[in-house]
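Those sequence lines, one after another, are chains A and B. If you use my numbering, the first sequence corresponds to residues 1 to 261, in order. If you use my numbering, the second sequence corresponds to residues 1 to 283, in order.
Everything labelled a hint here was simulated from the structure, so no lab data went into it. Computed from a predicted structure; not experimentally measured. Be careful, since some hints might not be right.
To be verified - Ranges of calculated distance between the beta carbons of each label pair, as one might list FRET restraints: (1) A/Thr-159 to B/Pro-123: 27 to 37 Å; (2) B/Ala-119 to A/Arg-19: 58 to 68 Å; (3) A/Asn-84 to B/Ala-276: 47 to 57 Å.
To be verified - A partial selection of chain A residues facing chain B, derived with a Cβ cut-off under 8 Å: (4) Ala-63; (5) Leu-65; (6) Leu-66; (7) Arg-89; (8) Arg-107; (9) Gly-117; (10) Gly-120; (11) Thr-127; (12) Ala-128; (13) Gly-148; (14) Arg-151; (15) Leu-152; (16) Arg-156.
Positions of the beta carbon are idealized from the N, C-alpha and C atoms, including for glycine.
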Amino acid sequence: MSATLAEPARGAETRLAVRGLRMRYPNGKLALDGVDLTVRAGELVTILGSNGSGKTTLLRCVARLLDPSDGEVLVAGEDLAKLNGNALREARLALAMVFQRANLVRRRSVLANVVGGTLGRRRTLWTALGGLPAEELPLARELLSKVGVERLGGQRADTLSGGQAQRVAIARALAQRPKLILADEPVASLDPEAAEEIMRLLRALAEESRLAVLCVLHQPALALRYSHRVVGLRDGVVAFDLPADRDADLHIALLYKEMAA
Amino acid sequence: MSVDGTTLYVAPRSARAEPLDASAARPEQSGLSRRLLRIVVGLVVVGVVGQSFVVVQARPEDLITGVHGMVDLLSRAMPPAWSESGDILWPSLETIDLAIFGTVFGVLMALPLAVMAAANVTPARPLYFLARGVIALTRAVPDLVWALLFVTAVGLGPFPGALALSVHSIGMLGRLFSEVIEDMDFGPVEALTLTGASRLQVFTHAVVPGVLPSLLGISLYRFDENLRSSLVLGFVGAGGIGFRLLTAMNLFQYQTVSLLLLATFVLVMAAERGSALLRRQVA
Ligand SMILES: Nc1ncnc2c1ncn2[C@@H]1O[C@H](COP(=O)(O)OP(=O)(O)OP(=O)(O)O)[C@@H](O)[C@H]1O
Ligand SMILES: [Mg+2]
Numbered sequence: 001m002s003a004t005l006a007e008p009a010r011g012a013e014t015r016l017a018v019r020g021l022r023m024r025y026p027n028g029k030l031a032l033d034g035v036d037l038t039v040r041a042g043e044l045v046t047i048l049g050s051n052g053s054g055k056t057t058l059l060r061c062v063a064r065l066l067d068p069s070d071g072e073v074l075v076a077g078e079d080l081a082k083l084n085g086n087a088l089r090e091a092r093l094a095l096a097m098v099f100q101r102a103n104l105v106r107r108r109s110v111l112a113n114v115v116g117g118t119l120g121r122r123r124t125l126w127t128a129l130g131g132l133p134a135e136e137l138p139l140a141r142e143l144l145s146k147v148g149v150e151r152l153g154g155q156r157a158d159t160l161s162g163g164q165a166q167r168v169a170i171a172r173a174l175a176q177r178p179k180l181i182l183a184d185e186p187v188a189s190l191d192p193e194a195a196e197e198i199m200r201l202l203r204a205l206a207e208e209s210r211l212a213v214l215c216v217l218h219q220p221a222l223a224l225r226y227s228h229r230v231v232g233l234r235d236g237v238v239a240f241d242l243p244a245d246r247d248a249d250l251h252i253a254l255l256y257k258e259m260a261a
Numbered sequence: 001m002s003v004d005g006t007t008l009y010v011a012p013r014s015a016r017a018e019p020l021d022a023s024a025a026r027p028e029q030s031g032l033s034r035r036l037l038r039i040v041v042g043l044v045v046v047g048v049v050g051q052s053f054v055v056v057q058a059r060p061e062d063l064i065t066g067v068h069g070m071v072d073l074l075s076r077a078m079p080p081a082w083s084e085s086g087d088i089l090w091p092s093l094e095t096i097d098l099a100i101f102g103t104v105f106g107v108l109m110a111l112p113l114a115v116m117a118a119a120n121v122t123p124a125r126p127l128y129f130l131a132r133g134v135i136a137l138t139r140a141v142p143d144l145v146w147a148l149l150f151v152t153a154v155g156l157g158p159f160p161g162a163l164a165l166s167v168h169s170i171g172m173l174g175r176l177f178s179e180v181i182e183d184m185d186f187g188p189v190e191a192l193t194l195t196g197a198s199r200l201q202v203f204t205h206a207v208v209p210g211v212l213p214s215l216l217g218i219s220l221y222r223f224d225e226n227l228r229s230s231l232v233l234g235f236v237g238a239g240g241i242g243f244r245l246l247t248a249m250n251l252f253q254y255q256t257v258s259l260l261l262l263a264t265f266v267l268v269m270a271a272e273r274g275s276a277l278l279r280r281q282v283a
């Protein structure tokens, strides 16, 4: 199946460039040791690696939820690792994150959660006081139908199933109008069919909406089926970075086997 | 999991058939020692209960001869002095207002203290310990004792009672509020931070919806407790129905006493039902 994947245009704009990224936790643990990685517009790149290899640390460094110890994180050309305060906030508009648990605001409606994704663009007194920007409601409805849950808009977020919640979380991420989507194990708590659907959705966002998607997965089969490239991470170092085809298959098997040994 | 033909996962190890409870391996011995333990525990329980009878000077025979006095008291308390119903409206309102004042000021003071006393959001370590200290002190000293202190300080009347309830509520609420904040789900906070939202927006859109229902529920429950406390506070001169009850007792107006007890019952039940109903609404 990987042979049928359309290769994203070589000259496509680079949306994420990670260079020499190192992350040492305060307790001395060196979780990332010089990671280099590029994701272009229109591309879905998957990161594989065993537990503790540094995948979550990598995504959190990219989003600046963690302060990297060293290196560059260029999101749409801006080095996030060097920014702070308002400049960081502005630069973050370009990236959106999807978590394993959807992280929706539980007591709010689905529609309100999706509109929440626009807060960074809509900084008014009204929204600062907890109000929602009414002018974004049409966009939120449109995105809900795009992810296939248009009927759930009025429901409270804590009444959704795992798969529905993840779709809403993706709609919220899209409401931000990002250039790059980061997803940390977005299908980990979903049944196989729902997992396939979420991956299909992420793939379509990359190809049709020309987004850059960087996704952590624990399922090599899904990675090979849906991504353009797979990156193997081992002890905070990139072990391989390959197009998703037969060749990658062997490397992936090796990546996990070495850890088991 | 091997959709692509390669086995990437190790099969789960078969569960080992080892006894979980080590004592199960030696049935006779454990049976004997367990029986002995049971006898010892039984003797200790009997001893503890027995000494309490001695210390409180329990005299069951007095209770039996006392029945007669009780019947006499009850007959003198019946019927309740309905004609005085109008007179107890004001003390009832006073009791309710004591609880409202105590709860509102308790909540207002407890909120900032709870933020300081929550390990995950406290602005500074010294503030954390200071806030914990204030909460522990106001909680440990009962409201009745606070009322005695305030009556001495500001004189008789409902005001010292209201102050006592406020101060004690600070401690009770502060601790529960800080626990809610510590247990808060940070997922939505991170998610909204990453949309590029401002700190204030993150607070109003993620933190507030996350904790407000719990805080409201706890506050309503506190109101219910404060109402019951405010009845007792009257006995030390801090206004409300309690104070009227004390006066009526001292003047042997038992029919007034029974009316006041009835009013108390109605108030407590109403507060309990009302706060439970509202708590269900905000859940
Ligand atoms: N807050 C922290 N402080 C210290 N060490 C940490 C912290 N968070 C993670 N680590 C360590 O950093 C390494 C990488 O962790 P990370 O969470 O990035 O792994 P992961 O690849 O996402 O694993 P998983 O597949 O289990 O999600 C691990 O060895 C972990 O123990
Ligand atoms: Mg992880």
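These are the hints, each one checked on the structure:
| no. | hint | verdict |
| --- | --- | --- |
| 1 | A/Thr-159 to B/Pro-123: 27 to 37 Å | 36 Å, holds |
| 2 | B/Ala-119 to A/Arg-19: 58 to 68 Å | 37 Å, violated |
| 3 | A/Asn-84 to B/Ala-276: 47 to 57 Å | 48 Å, holds |
| 4 | Ala-63 | 6 Å, holds |
| 5 | Leu-65 | 6 Å, holds |
| 6 | Leu-66 | 11 Å, violated |
| 7 | Arg-89 | 5 Å, holds |
| 8 | Arg-107 | 5 Å, holds |
| 9 | Gly-117 | 5 Å, holds |
| 10 | Gly-120 | 3 Å, holds |
| 11 | Thr-127 | 6 Å, holds |
| 12 | Ala-128 | 5 Å, holds |
| 13 | Gly-148 | 21 Å, violated |
| 14 | Arg-151 | 23 Å, violated |
| 15 | Leu-152 | 18 Å, violated |
| 16 | Arg-156 | 11 Å, violated |
When held up to the earlier numbered hints, the structure conflicts with 2, 6, 13, 14, 15, 16 and fits the remainder.
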